[in-house]
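Residue numbers (my numbering), protein chains in the order written: chain Y, 1 to 377; chain R, 1 to 303; chain E, 1 to 288; chain X, 1 to 275; chain W, 1 to 275.
Please keep in mind that the hints were generated in silico from the structure rather than gathered at the bench.
From a predicted model like this one, the values you see are computed outputs, not experimental measurements.
Every residue gets a Cβ at the ideal spot worked out from N, C-alpha and C, and that includes glycine.
Misleading hints may appear alongside valid ones.
What the hints assert, rightly or not - Pairs of lysine to aspartate or glutamate, EDC-like flavour, derived with a Cα cap of 20 Å:
no., chain 1, residue 1, chain 2, residue 2
1, W, K112, E, D192
2, W, K91, W, D34
3, W, K91, E, D186
Unchecked claim - Now the stretches of chain R that chain E is said to cover, found in silico as 3 or more residues with beta-carbon under 8 Å:
no., stretch
4, 30-43
5, 81-89
6, 191-204
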Amino acid sequence: MIFRHRILATLGTLSALLAIVTPEVVLADGAAAPAGRLLLLPIIGLVLAGGIGLLTRWTLWQPLVSLVLLFGSALMLPGAVAGFAGAIGGPAYWQSLIAFWLLTWNFAERLSAAIRDGRLPETGTGVIIPITFGLTLLILWEAITRGANVPPVLLPAPSAIGTQLANSAPILWADFVQTFIKSVIPGYVIGCLAGLVVAIAVDRSPFLKAGLLPIGNFMSALPIIGIAPIMVMWFGFDWQSKAAVVVAMTFFPMLVNTVAGLNAASSIERDLMRTYAASYWQTLLKLRLPAAGPFIFNALKINSTLALIGAIVAEFFGTPVVGMGFRISTGVGRLAIDLVWAEIAVAAVAGSAFYGVLALIERGVTFWHPSVRGGRA
Amino acid sequence: ADALTLQLKWVTQAQFAGYLVAKEKGFYDEEDIDLTILPGGPNIAPEQVIAGGGADIIVTWMAAGLAARDTGVPLVNIAQPFKRSGLMMICPKENNINTVADFPGHTLGVWFFGNEYPFFAWMNKEGIKTDGSPEGVTVLQQSFDIQPMIQGQADCISVMTYNEYGQALDAGYGPDNLTIFNYTEMGNDLLEDGLYVMEDTLDDPAKVDAYTRFVRASMKGWQYALDNPEEAAQIVVDSDETGAATLEHQLYMVGEVSKLVDANDAALDMTTYDRTVKALLDQQIIKAEPEGAYTTVVTDALK
Amino acid sequence: MNRILPILTILLAILAFWYAAAIWMNAPWQNTLNGRADLTDVPFLTFAQQTWGQDKPVLPAPHQVFAEIWNATMGLEFTSRRSLALHAWITLSATLLGFVFGTALGVGLAVAIIHNDASDRSLMPWIIASQTIPILAVAPMVVVGLGAVGVTGLVPKALISMYLSFFPVVVGMVKGLRSPERIQLDLMRTYDANPWQVFWKLRWPSALPFLFASMKVGIAISLIGAVVAELSNAAGGGLGVRLLTGSYNGQTVQIWAALFIAAGLAAVLVAIVGMAERAVNAPNGVRA
Amino acid sequence: MSVTTTTSTTGTGAALAVVQAQNLGLTFPTADGDVVALSDVNLTIEKGDFVSFIGPSGCGKTTFLRTIADLEQPTSGTLRINGQTPENARKDRAYGYVFQAPALYPWRTIEKNVALPLEIMGHSQAQQTERIKRTLDLVNLSGFEKKYPWQLSGGMQQRASIARALAFDADLLLMDEPFGALDEIVRDHLNSELLKLWDRTKKTICFVTHSIPEAVYLSTKIVVMSPRPGRVTDVIESNLPRERPLDIRETPEFLAIAARVRDGLRAGHSYEEVV
Amino acid sequence: MSVTTTTSTTGTGAALAVVQAQNLGLTFPTADGDVVALSDVNLTIEKGDFVSFIGPSGCGKTTFLRTIADLEQPTSGTLRINGQTPENARKDRAYGYVFQAPALYPWRTIEKNVALPLEIMGHSQAQQTERIKRTLDLVNLSGFEKKYPWQLSGGMQQRASIARALAFDADLLLMDEPFGALDEIVRDHLNSELLKLWDRTKKTICFVTHSIPEAVYLSTKIVVMSPRPGRVTDVIESNLPRERPLDIRETPEFLAIAARVRDGLRAGHSYEEVV
Ligand SMILES: Nc1ncnc2c1ncn2[C@@H]1O[C@H](COP(=O)(O)OP(=O)(O)OP(=O)(O)O)[C@@H](O)[C@H]1O
Ligand SMILES: Nc1ncnc2c1ncn2[C@@H]1O[C@H](COP(=O)(O)OP(=O)(O)OP(=O)(O)O)[C@@H](O)[C@H]1O
Ligand SMILES: Cc1ncc(C[n+]2csc(CCO)c2C)c(N)n1
Ligand SMILES: [Mg+2]
Ligand SMILES: [Mg+2]
């Protein structure tokens, strides 16, 4: 373990050192290049300092300081040299990026090792690592789109997307309301409830169960998204048709999972109810539904990501001039790609938050299930 | 041979008969051009494709091209075979819309994805609000079909003379039960299917030469298509990889497209160009009068 | 037999409901048509038949869909562009390629995650977040972006399939590779087994049931990915393209036919994975 | 085999019999042929009896208890519980059942688990509280009311499940290896507690165990069973006094009965095929 | 506490000691405070000893065995196995471990399960075949080579896991309640088989059990432990002869030792908190 840390940190530091000594191969502009090199130097220096910090013996504050140095330098890297074409995109530039990547990775390794060994508490520190990872991705994305001159109409830099997020907040909010509040939520609630109720109904009749389950299983494997144009045809262009798509997409996973969940109670648990001569409803409420909880939440979580995709896709087939799917498709047509990505970011955040809230509720409700009390999901 | 890639604005159909026929008939080969034709689709923005380097030449509408130029994709019009617009708005008579003055309070179907500019320019000119307020109109992003009219979801819908209008005719609609607003006849037409390239490529004489040969072959293709509609329609059907195109419909389309295309003249019509620019400026879709958004080097060389 | 009967009954019920719905949904247009043709007092049975025989119905009758499926597969040369069999094949190849990519990526990530704490902590939340991105929105840009660097045809579609299908595989495999109980791991430790041996002799076999369960979900999702990718790019054909063009031309029968074939394909693919599962499990002695 | 059995079990006035089995047989149809779990079982259990069932694994002990509880249906013979069919007895809530595994619901606290039968049988809130307290006290689990089952050791869980079966005060207790998971000391303790409870409440108890000393220590009657097919090979009446200190286990009387049980067991134990 | 222990365990020539623990302590840090599983344990086990560990649930028996096996790390004191650190002993494959549960891999047949350690330790194919045959014979499982674990009864599974631990012929056997799941008859049988094996092979055996008779019957040395924190309260040397027929269990010598063990157990058994 420690050995691997060393290798990573050494590689990263070497990479940074190399960045200083690599000569610029391409000098796009003779005058700008030396200036660009000059600007790069302190940044590479920061990376180096961070690397050396990681190489030295482990204490708690050192890696943190190193991390701050690393991020500081990385943030400056694409930003500060924006004007100097010679420095950006040159070998030294990529060298420092590689150094940055290796060193943040090393940081994550060390931090998780510290948590595992109990040197750092799980709560709080646990979220630093994924956040670091996300930030690293963003920085690499920014640096690569700029360094490799990726056309902004293909893939805008995160900074451009961020600007757009801030500037277009009212539009994004209106779209969010139209798609998420008006289409996704009602569709999700109706679809999940319907799936639950039908599952309970079906469960009472072995005949229905035998007939519906294979069909339900089959349906939940289908590209239901394909019915989006049909739903627009049937339910009109406003949110109703989107909600209908969401209902159709969420219904079957819920049906199948709930039916499976209702059978999850072990036979000994059921026998217990039988020895009490408990009625059907008593058994359902006190045993089978609680036992089905993890399955139901599983469906709720699956459905949370399906629902958003369904609503957005349905908007491609006709909508009022508002909505996330609408904005995305017209945005591409207008080459407002940063707005499109801002919209995607909103969708991803909304989706993750939706999922996260469900996961939290799940923790609360099915606290007793081994997968919950057994630690990490 | 010079390899060129042409990105169409829409799926393979007779709207692009000239290019498809020219390729099938070997007109590009004659000009020593090795042409790849990429069909478009509802989510493919040709401007994005060319900016990313996925195509050399694209077919697009002038308004979308200028808007793209404004966002930093330096597109230049090199030829404009389509002289008139095929865009119309049709309203079933029972909706009691007879003139533009009847629009307020109604729902209108509009195509987006870069096709919305002519509509908004028109409404702008008429002073009708498009924000859904009672004194304005409600805009609906229309699917690329006539279902919203059949389903009664929109009071008026957008159609192309050469495509959806035909579908409306098939469905039993016609001039006697429709109010028709034809953009060209109203003088509101903006330039449609033109040929665009990236500005920097025009610095290279070899490229310009290749473009010239490409346009010459294409115009020959258009001429051939207009002269031989049946054969052209068949070629379109055969070129369609999706198998969706039907001969009957494509034949209708060739007939209608022939009313919009001038096969003898690829040059840009400056009156329509100016109208297009003005409309975009009025709506603030572009911020400044475009410079160098078209070039005549190719069409001049054709003469 | 007593398994088939309930399914058949339900299917019949669905069919009956469908025919009834077709009358109801196609009635307005049929009334317009009849009105135009000055037909009045059409008897109900005739009217029903009319609604089941429309050219572009709102809801096509089942027999129309099956006739279309038959005509567009058996009735045509496979190489014909109109052949749904050809389009199904196009979609299938993207699906399979994407599924293979997705499974490989999923298994690879899972292996990294269980062997490395840092990967576990950094990757898992973002893997979940990745699935909340509306892929259909990104699909066209993926197609265009890859087209710009010269990757066209099957691969962009397969990548989108991969993006969707790797997720269930990672989740399932992480669960599966972690499923050995502590005592089983301890056993390996008492033998001083190396990580490689622990992986192949313990973790991998315990994860196999999870792998197959995830692959069943994965292959169905992979098909969805391929269809979605085709929805955004008409080039090259495929079932998604048929859905799209069908919708442009108001060809509802064509839409439904493409949908049903996609459904059938999904069913067959899942069944094949199920068969593979049984084939692999049999020598491993896992209970049916 | 049934001959030896019959002598000691039939001929008793049926009026008092809590459990009466006559020529009872139970066959499970399975994919690879029928499994005869019980065959020709004749047994009468009278009110106040403490009956232990002992026999090698798979001999049908659990099946017999389940049949009494109307959780399995006999395929031949007759079975009467308090003179009724097992189904009616179950609907009368005639018995409390302690399963081989604790079968506590993990989403309920210990106290809520014990409350479960009371809720189902419609006891008032006050009654519930009172009974929960009493039975948890009895099994030495006071203080753990608010804990969840998975927070308790296996032995504590088993005791909670005993408390649950005691809570609603059925006259017949069916206990399937309730102390299997416990260590000897705790087991001794619970054994004597159980004896006291039985003595005090005059309940009838059917008790499955693998342990010969446990069977001898607890029972008034020991039923030795043998497998393939499950038969009763011996019914041993114990003449030990009702009052039994733990060290009774070292007395010759005790050891004599234990030896008889061991012999009966060994006879039915065809070693190879059974384990 | 350690005083009584020390007298009987230290002072032996370390050269021969297979296990030597000095002031051994092990504390588990948990969310709600530390759990002291072992504290101040002093114990020497010599070559050829058969040592039983007995004590109430949770007293640290398993933990002690796991520490010997280098599956847990002591938090204080020293532990030497054959004079080495536990880690090096483990890497030397110095011991075979039989867990409390069989822990057979369900995707491997019985014979493949027994082959597992042999594969890992790189034995040749021929050697594997030979050893599998021999050890399966030993535990009376010949004929079941090709069966999967779930096709066997619990007792057979446990025997298979013993075979697996014997297959690679380590000199030290660590067995954690290997016979817990078996009925008395089978248990007796396996006990005498184990004794024979031990006598024949001169292995050193550490054996955890809950059963006093079992401990007394098998051991040369009985270690009595008590919980919270896990301590060794008594080490009882047994002077029973090495040759032990089953009925030795009714002899007064046997009962005397059993009584001493029971007393030791009861002393450490503060009933309430332990179960
Ligand atoms: N549902 C069932 N289907 C088929 N066979 C069964 C079923 N339940 C039990 N058996 C069989 O019936 C026989 C008796 O089983 P039972 O559980 O009553 O044994 P037991 O005496 O309780 O054993 P143990 O001491 O292991 O608990 C066994 O051979 C068992 O395999
Ligand atoms: N991984 C662990 N984390 C925290 N506490 C533990 C852990 N393992 C064991 N313990 C605690 O250490 C103590 C000793 O446990 P151990 O398993 O050694 O008991 P035991 O004597 O083997 O009991 P049993 O007879 O029930 O098997 C117990 O209180 C137990 O709860
Ligand atoms: C992306 C895109 N969308 C719509 C049109 C306009 N258009 C031209 S023909 C036609 C009908 C479809 O066949 C439509 C809608 C376009 N040119 N490009
Ligand atoms: Mg049993
Ligand atoms: Mg233990």
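The hints, checked one at a time:
no. : hint            : result
1   : K112/W x D192/E : holds (18 Å)
2   : K91/W x D34/W   : violated (30 Å)
3   : K91/W x D186/E  : holds (13 Å)
4   : 30-43           : holds (count 6)
5   : 81-89           : violated (count 0)
6   : 191-204         : violated (count 0)
Violated hints, in rising order: 2, 5 and 6; the structure is consistent with all others.
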